[in-house]
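Those protein sequence lines, which keep their order, are chains A and B. Numbering of the first sequence is given in our numbering, commencing with residue 1 and proceeding in unit increments. Numbering of the second sequence is given in our numbering, commencing with residue 1 and proceeding in unit increments.
Simulated from the structure, these hints should not be mistaken for laboratory data. Hints may be right or wrong, so weigh each one.
What the hints assert, rightly or not - Here are the computed distance ranges between Cβ atoms for each label pair: (1) B:ARG73 x A:GLN206: 22 to 28 Å; (2) B:ARG73 x A:PRO20: 20 to 26 Å; (3) B:ARG73 x A:GLN131: 22 to 28 Å; (4) A:ASP108 x B:GLU130: 28 to 34 Å; (5) A:GLY215 x B:ARG71: 49 to 55 Å; (6) B:GLU130 x A:SER104: 25 to 31 Å; (7) A:GLN14 x B:GLY78: 20 to 26 Å; (8) B:ARG73 x A:ASP108: 44 to 50 Å; (9) B:VAL15 x A:GLN206: 26 to 32 Å.
Predicted model, so just to flag it, every value in this text is computed and none were measured. Even for Gly, the Cβ is constructed at its ideal location relative to N, Cα and C.
One letter stands for each residue in the lines below.
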Amino acid sequence: MRKAEDVLETYLAQMVSGEPVAGTDSDLQPMLRVAMQLRQVGRIAPSPARVERIRVALRRVPTREAGARSTTPRLGFWRRPVAGLAFAMILMALGTTSALAAPSALPDSPLYPVRNVREAVQVQLAGTAAQRAILYANFAAERATQLRRLIGRKDVTPGVVVTLLRDITSRVHQANQEATADGPAARSAVSQVEGQIGDQLTQVQQEGEFSGNDGAQLSNTLRDVQSGQSGQSGPSGPSGPSGQSGGSSNTDTNQP
Amino acid sequence: MPNALPDENPASWYVEWLDRARQQDRHAFAQLYDATYRRVFGYLLARVGEQAAAEDLLQDVYLAALQAIGRFRGRTEGEFIGWLLKIAHAKVMDRFRTQYRHPELKTSDVATTGVADPLDAIDQRMRLDEISDALSQLTEDQRNVVLNRLVLGLDLEETSKVMGKNVGSIKALQHRALAHLAKILTPGVDDHA
Numbered sequence: 001m002r003k004a005e006d007v008l009e010t011y012l013a014q015m016v017s018g019e020p021v022a023g024t025d026s027d028l029q030p031m032l033r034v035a036m037q038l039r040q041v042g043r044i045a046p047s048p049a050r051v052e053r054i055r056v057a058l059r060r061v062p063t064r065e066a067g068a069r070s071t072t073p074r075l076g077f078w079r080r081p082v083a084g085l086a087f088a089m090i091l092m093a094l095g096t097t098s099a100l101a102a103p104s105a106l107p108d109s110p111l112y113p114v115r116n117v118r119e120a121v122q123v124q125l126a127g128t129a130a131q132r133a134i135l136y137a138n139f140a141a142e143r144a145t146q147l148r149r150l151i152g153r154k155d156v157t158p159g160v161v162v163t164l165l166r167d168i169t170s171r172v173h174q175a176n177q178e179a180t181a182d183g184p185a186a187r188s189a190v191s192q193v194e195g196q197i198g199d200q201l202t203q204v205q206q207e208g209e210f211s212g213n214d215g216a217q218l219s220n221t222l223r224d225v226q227s228g229q230s231g232q233s234g235p236s237g238p239s240g241p242s243g244q245s246g247g248s249s250n251t252d253t254n255q256p
Numbered sequence: 001m002p003n004a005l006p007d008e009n010p011a012s013w014y015v016e017w018l019d020r021a022r023q024q025d026r027h028a029f030a031q032l033y034d035a036t037y038r039r040v041f042g043y044l045l046a047r048v049g050e051q052a053a054a055e056d057l058l059q060d061v062y063l064a065a066l067q068a069i070g071r072f073r074g075r076t077e078g079e080f081i082g083w084l085l086k087i088a089h090a091k092v093m094d095r096f097r098t099q100y101r102h103p104e105l106k107t108s109d110v111a112t113t114g115v116a117d118p119l120d121a122i123d124q125r126m127r128l129d130e131i132s133d134a135l136s137q138l139t140e141d142q143r144n145v146v147l148n149r150l151v152l153g154l155d156l157e158e159t160s161k162v163m164g165k166n167v168g169s170i171k172a173l174q175h176r177a178l179a180h181l182a183k184i185l186t187p188g189v190d191d192h193a
């Protein structure tokens, strides 16, 4: 006696090749009805007007240089030292104390924008997509650690939680984009850091009492970090420290 | 299926147009778009269940593919379609994430094109919604096998190759997937898996 899987395959093969499917086993009929509906979905076409609009857009839209690997616009090689010099001057202008304090500044501190600028410059000066990915992931991890400590001390200023979480999300997205552009090794490294961030945020969720915007943002960030770990992160977050919004997600492999 | 291509476009056709598209030849990319958009659209429609949303995503997919074609290394139709579907999957996931955050963005009130009777359009739209919701409840392998077999119209061997699994596994997966879908979409049907 043939297995049900083989019988089903016989009918599906007829359906896919366009032959009429007749005399089916009654047990299989609900499955074949569903299969037929899916075939009908495959036959629905986009509107001709939309097809044409996309065709026109494809001809007109400017493209980056062929083979470009990153969605983050980068400075030219000779411009990087200039950017570094500019950053050094900014630091001097802000004063040494401010510059040293900036790396751990929280969103309610006037030095937090300095921290963001400092990170953006570090990213711009990084030589490869892998280095940028790790930088972004580390910036996110630093914020997750800070947030856990703040929650542990019950020392939270309104607005700080949402800003930290939002910035964690954006940096995780950037890290995933850069890692995807670089390859499996960078993805693996970023995934490890995301695991640590996920652990920190889970503790934050357990220790803190969140409601409203804070609670919603925490859930969103935790989900984004976890989806990044499973290779499904996308560009839905806000701008990262370089001020660039997200671009396309993973486009390097061949499985649907 | 209206988008059955292998007979119309032999392997050498894809090699040539892909090579030219990689050199940023827009005409070549447009040829590839014409040859593949129906299948990509079918995939998107099955995943999001809304014609207008699927059309928006179709544009996003091809614009992203245009930007990234320079680093695509495949040379066959299957590799190209697989790559496009990978991009499509990422775009669908982005959309789901955005919808989760902004549920008001769901566009199911947009009319389904190509259906003359408004009531038929509503029926079709509801059915599409149900199908895409049901597909979301399958495992990734189950979902991919039914999308490859029934929406994209691949045969058993092609599906086996695309998914990197043996034919026996594909048969088992499609049986479990359809049994699960039938249970979800047809009240009173037991899961045969």
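**Request:** Compare the structure with the hints numbered earlier in the document and write down the numbers of the violated ones, lowest to highest.
**Result:** Hints 1, 2, 4, 5, 6, 9 not satisfied by this model.
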